[in-house]
Amino acid sequence: MRMEDVNILLVDDEREFTATLAERMELRGLTVRCVYSGEEALKEIGADKPDVVVMDVMMPGLKGLDILRHIKATNPEIQVILLTGQAGTRDGMEGMKLGAFDYLLKPLELDALLGKIAEAAAIGGKA
Amino acid sequence: MFGDAIKRQLSGLGGSDAVVPPGMYRTLRRKITAVMLLTATIPLALMAWLNYYEYQKALSREIQNPLRVIVNKSKNSFELFLAERTSAVGFIAQAYSFKELTDEKDLARILKILQTEYVGFVDIGLINDKGELVNYVGPYNLKGHNYAEQTWFNQVRIKGRYISDVFMGFRKFPHVIVAVRHSLDSGESFIVRATLDTHQFDKIISSMGLEPGSDAFLLNRAGILQTDSQRFGKVLDQFSLPMPPPASEAAVLQQQDGEGNDVFFAYAYFPDSDFVLAAIKPKAQMLRTWYTVRGDLVFIFAAGVLAVFLASYKITDQLLRRMREAEEARELALRQVEHSQKLSSIGRLAAGVAHEINNPLAVINEKTGLMRDLIGLRDDFPDKERFLLLIDSVLKTVMRCRDITRRMLGFARRLDVTLEEINLNDVITETSGFLNQEALHRKINLTLDLDADVTGIVSDRGQLQQVFLNILNNALAAVPDGGHIDIVTRGDAEGVSVTVRDNGCGMTKDTMACIFEPFFTTKKTKGTGLGLSITYGIVKRLGGEIGVESELDKGTAFTLRFPKHPKHEA
Numbered sequence: 001m002r003m004e005d006v007n008i009l010l011v012d013d014e015r016e017f018t019a020t021l022a023e024r025m026e027l028r029g030l031t032v033r034c035v036y037s038g039e040e041a042l043k044e045i046g047a048d049k050p051d052v053v054v055m056d057v058m059m060p061g062l063k064g065l066d067i068l069r070h071i072k073a074t075n076p077e078i079q080v081i082l083l084t085g086q087a088g089t090r091d092g093m094e095g096m097k098l099g100a101f102d103y104l105l106k107p108l109e110l111d112a113l114l115g116k117i118a119e120a121a122a123i124g125g126k127a
Numbered sequence: 001m002f003g004d005a006i007k008r009q010l011s012g013l014g015g016s017d018a019v020v021p022p023g024m025y026r027t028l029r030r031k032i033t034a035v036m037l038l039t040a041t042i043p044l045a046l047m048a049w050l051n052y053y054e055y056q057k058a059l060s061r062e063i064q065n066p067l068r069v070i071v072n073k074s075k076n077s078f079e080l081f082l083a084e085r086t087s088a089v090g091f092i093a094q095a096y097s098f099k100e101l102t103d104e105k106d107l108a109r110i111l112k113i114l115q116t117e118y119v120g121f122v123d124i125g126l127i128n129d130k131g132e133l134v135n136y137v138g139p140y141n142l143k144g145h146n147y148a149e150q151t152w153f154n155q156v157r158i159k160g161r162y163i164s165d166v167f168m169g170f171r172k173f174p175h176v177i178v179a180v181r182h183s184l185d186s187g188e189s190f191i192v193r194a195t196l197d198t199h200q201f202d203k204i205i206s207s208m209g210l211e212p213g214s215d216a217f218l219l220n221r222a223g224i225l226q227t228d229s230q231r232f233g234k235v236l237d238q239f240s241l242p243m244p245p246p247a248s249e250a251a252v253l254q255q256q257d258g259e260g261n262d263v264f265f266a267y268a269y270f271p272d273s274d275f276v277l278a279a280i281k282p283k284a285q286m287l288r289t290w291y292t293v294r295g296d297l298v299f300i301f302a303a304g305v306l307a308v309f310l311a312s313y314k315i316t317d318q319l320l321r322r323m324r325e326a327e328e329a330r331e332l333a334l335r336q337v338e339h340s341q342k343l344s345s346i347g348r349l350a351a352g353v354a355h356e357i358n359n360p361l362a363v364i365n366e367k368t369g370l371m372r373d374l375i376g377l378r379d380d381f382p383d384k385e386r387f388l389l390l391i392d393s394v395l396k397t398v399m400r401c402r403d404i405t406r407r408m409l410g411f412a413r414r415l416d417v418t419l420e421e422i423n424l425n426d427v428i429t430e431t432s433g434f435l436n437q438e439a440l441h442r443k444i445n446l447t448l449d450l451d452a453d454v455t456g457i458v459s460d461r462g463q464l465q466q467v468f469l470n471i472l473n474n475a476l477a478a479v480p481d482g483g484h485i486d487i488v489t490r491g492d493a494e495g496v497s498v499t500v501r502d503n504g505c506g507m508t509k510d511t512m513a514c515i516f517e518p519f520f521t522t523k524k525t526k527g528t529g530l531g532l533s534i535t536y537g538i539v540k541r542l543g544g545e546i547g548v549e550s551e552l553d554k555g556t557a558f559t560l561r562f563p564k565h566p567k568h569e570a
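Top to bottom, those sequences are chains B and E.
Be aware that the first sequence starts at 1, since it is given in the numbering used here, and climbs by one per residue.
Be aware that the second sequence starts at 1, since it is given in the numbering used here, and climbs by one per residue.
Hints listed in this document are in silico derivations from the structure and should not be mistaken for laboratory results.
Misleading hints may appear alongside valid ones.
[Stated by the list, open to error] Below, a list of computed lysine-lysine pairs in the BS3-like style, where the Cα atoms sit at most 30 Å apart:
| hint | chain 1 | residue 1 | chain 2 | residue 2 |
| --- | --- | --- | --- | --- |
| 1 | E | Lys396 | B | Lys116 |
| 2 | E | Lys57 | E | Lys31 |
| 3 | E | Lys384 | E | Lys367 |
| 4 | E | Lys396 | B | Lys49 |
| 5 | B | Lys63 | E | Lys367 |
| 6 | E | Lys283 | E | Lys234 |
| 7 | E | Lys367 | B | Lys116 |
Use the sequences and the hints to build the structure in full.
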């Protein structure tokens, strides 16, 4: 699967962060949709199934891990990369156990994120 | 040394506001010792006292009885002796007529028979109503003496019989006279009087068989010695002790003689004459066995008291030590709980702060990244290079902030421990290598004394590096240019100890008590105050111990000890 064809969904309540990150990814030719809450994310996933979801763990309302659980229950082929502001590995490890592809610490380096997305898409593509 | 350092560290944690005032233990010790001593000693003393008196009483009785018996027996001998002599004289007075007795030849014959039959007679005389010595046979020339004025003459005339006290009289040697009056039918009377020497008294006394040191003698009721005594003077001397109260049977008194010695004074009053038989035995002599027993008793008592004292002292000592240890352990535990509570609340705060900061940082990061992307895409952007440099600087600063928040979070969440077998010598060599440049630049002598016996320990390499980096950084900050820092490792069966010693500025006791507290710093604006607190946390988590010794202006030594295997994990 080519990087440009990967359907990416960004989920984070920090609008400035999400929008800016999406714009930077679009600048690199990626297809990105942004949502700002867990509820929206579920709706968006139902409407158009993404290949990779990049999602913050800590959000008001539905939490990242709840959505992860839902995704893995309904669409296990969707790969999820978790973002966390907590350097604690607790949430990250929990996410990994629930089937997340990986987790990254905020603030992140864009190249590292893109690398992870590529890896995730490759696995998802094969699946 | 390490143990000391740990203790100092612990006492540092203990602080000065000890729960138990130091004087309390002394008072408590005194009280407990006193109570134990009293409860143990009083019954002992009571028993010893009872034993002492009961035994003494029994022994005294045992000793007094034979004495009483012997005095009684001798008194009887005396009485018998005197009664015999008196009745012999009485017999003469009745058997012979006055006329017969006036014959000198007859009287001489009678004396001779008397002297043969009864020992002790010296002379014999016949005295008429008027007190004139009518006839006399004996070694002295007394014929013609008139006794009418003498008391004994009057007494014999009234009582019929008379035994005198011992006296010297005309004869100039101690003697006793026995006089018996015989009344004739005509109403006239005459008196036969005989003299006895007192050798027989001495014989009776010596037959009492008293041991040397004891004394027996005859007294009259007025307290005049009637026989020689060994210790109370010669015959007719005044007896130096007060006369005992009259008693018909032999009695024993316990009193002191003239020289202050305790004696048994046994005596018996003669019912029919003026005599008192006395025997004096020094108590010391009679109570020799008692004294041995008493010595034993005193020894046992003293030994008992000493044993009680030692035991109570020892027990009190141990009791107090246990109390103190328990108190100290309690206090230490309290301190540690306080310390870890402080750490954990600070940890939670740090985690919250870090998390809150990470999100804005992420925004800055992305916005700035977007700026760079946009500028990078446009070739005609004015001052493009300069803006790119500025943006890079902002991004680097963001990364620095991220590192700081990660460290804070790392402190807060107590980084996971990754255990592997590690040689501490390697870790120290590697870590000190980071600081070689600075040391070289400041001409600081950084020496490593690494024990070849240091074996592998199971621990976390990264965390150990952080520990030594922190301590070495502190040491570098403390020493002046040209100072020295020595790192020494020592391995033994249980683990490895490492000492990092510098000759820097050192610190006061107050500072030393706080150095492991979070946010305590002496570096003013330059330090976070987290370094040693994190170090302390890591060392504890790795199952090790850390202690510090320091003297102001002399230097500081940190001593760390790591076990072969961590006992517990966080």
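Hints, verified against the model:
1. E:Lys396 - B:Lys116: 22 Å, holds
2. E:Lys57 - E:Lys31: Not satisfied, since the Cα-Cα distance of roughly 38 Å exceeds 30 Å.
3. E:Lys384 - E:Lys367: 17 Å, holds
4. E:Lys396 - B:Lys49: 37 Å, violated
5. B:Lys63 - E:Lys367: Distance of about 25 Å is within 30 Å: holds.
6. E:Lys283 - E:Lys234: 23 Å, holds
7. E:Lys367 - B:Lys116: 21 Å, holds
Hint check: violations occur at hints 2 and 4; the rest are consistent with the structure.
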